[in-house]
Amino acid sequence: MISCTEFIPAYSEGFKYLEKKGGRKKVDEFWAYLSDLYLSDTLKKLVEENGIKGCFIYWEKALNEEAADFKMTLDEEKEEFRIDMFKCPSKGMLLEMKHMKPYKDYCEHCPALYSRVLEPMGYEFNMDLSQTDKAKCNLTVRKIREDESNG
Amino acid sequence: MKVIERKASDNKYLHRDFHISMNMLMEYICKEYGSSALTDYLVQFAQEFHSIRKECLQKGDLGCLEKYFKEIYEKEEWPVQIEFKNDELVISQEACPGISHLRKSGQKPVEQYIETYSTVYKTLCQDTPYEYVMESFNSDTGKCRQRFQRRSV
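Protein chains in written order, with the numbering used here: chain G, 165 to 315; chain W, 9 to 161.
It is worth saying that the hints were derived from the structure and are not from the lab.
Careful, some of the hints might be misleading.
Unchecked claim - SDA-like, lysine to any residue: derived pairs with alpha carbons at most 25 Å apart:
#1 G:262 with W:75
#2 G:268 with W:29
#3 W:10 with G:239
#4 G:298 with W:21
#5 G:307 with G:203
#6 G:185 with W:44
Chain G extracted, bound-state conformation:
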C-alpha cells in the first residue's frame, strides 16, 4: 500500500524515474498530463464557475487537508489571489526525510500544473520559488484586464 500520507516521496521518486527514462522533457510531459487530467475537474471547473474565488475554494480545501502553514488572500474586487506558503507540507516532508533525496526540481511541478490551467482562462500566474530550500514559496494569480490583454 502507498498511503496518501506517503504520496509525496512516491511522487518525487516518480519524477526521478521519468527523468531517468526520458529526460526532463518526460517530466514536463507528465506534469502537463496530470494538469489536464486532474485539474480540469477541480481547479478549472471552480474558476469557470466562481472566477478568481475558485482559486480560494480550491486551495482552501487542499491546503487545509495537507496541513500547510500558510496565509491565503483573496481580493475579489481586484481579482487577485495570493498564497504565502510559510511551510509547504510536501517540500517540508521531503527535506525532513534524511534517508531520501528529493527530485532536484520538485517544486517546479506547481507552476507547471497550475499555470497550464489558469493562463488560458485569462489569468496571470506567478510563483516565487527562491526559498524552496526552506519549504517557503508564494503564488499569485491575477485576472488580466481586457485593456491589458489588448496591449
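Given the structure of chain G, go ahead and fit chain W onto it with the hints provided.
For chain W alone, kept in the frame of chain G given last:
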C-alpha cells in the same frame, strides 16, 4: 478582501485526493513504458522509501514493521487488523484506502494496483531474513491478507 491563515498544527495531514494523483502517475508510467516499467518504478520507490525499515528487518526486528503499519493505518484513518506473534506479521483489511477513494471519486484503479503492495513489500524484504506473502487480494475492493514471515532455510 478575504484572508485566512493556518498553522500546520491546525489541521490533520490527510489529503485523500493524493490517491488519485498516485493512480495517475502509475497510469502514465504504464501508458508510456508498459507495466514492467511500473514495477521498476515501484522497486525504486521501495528501495529509497523503505530503506530504514529494511535495515530493521536485516537486524531481525520485525516489530518495527508492526509499528510502521499501525502508524500508517492510523494516519490514514483506515480499519485494519494487525497480528504480530511468533516472528510473523499478518495484516488483514476489508478494503484498500486507495482503491476505495478512487472508486468513490469515479476513478478506475490501474490494473496493476496490487503491485503497490506486492512489489513494494517484496522489495522491502529483499536481502533480509523475512519474506512477504500476499495471501489474497480482491482487485475490486483491495480487501486482502498479507503476511511477513521468516524465510524457510
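Tested hints:
1. G:262 with W:75: With Cα atoms ~20 Å apart, residue 262 (chain G) and residue 75 (chain W) stay inside 25 Å; holds.
2. G:268 with W:29: At roughly 20 Å apart (the allowed maximum being 25 Å), residue 29 (chain W) and residue 268 (chain G) satisfy the hint.
3. W:10 with G:239: holds (7 Å)
4. G:298 with W:21: holds (19 Å)
5. G:307 with G:203: holds (18 Å)
6. G:185 with W:44: Answer holds: residue 185 (chain G) to residue 44 (chain W) is near 13 Å, not above 25 Å.
Violated hints for the displayed structure: none, as all numbered hints are satisfied.
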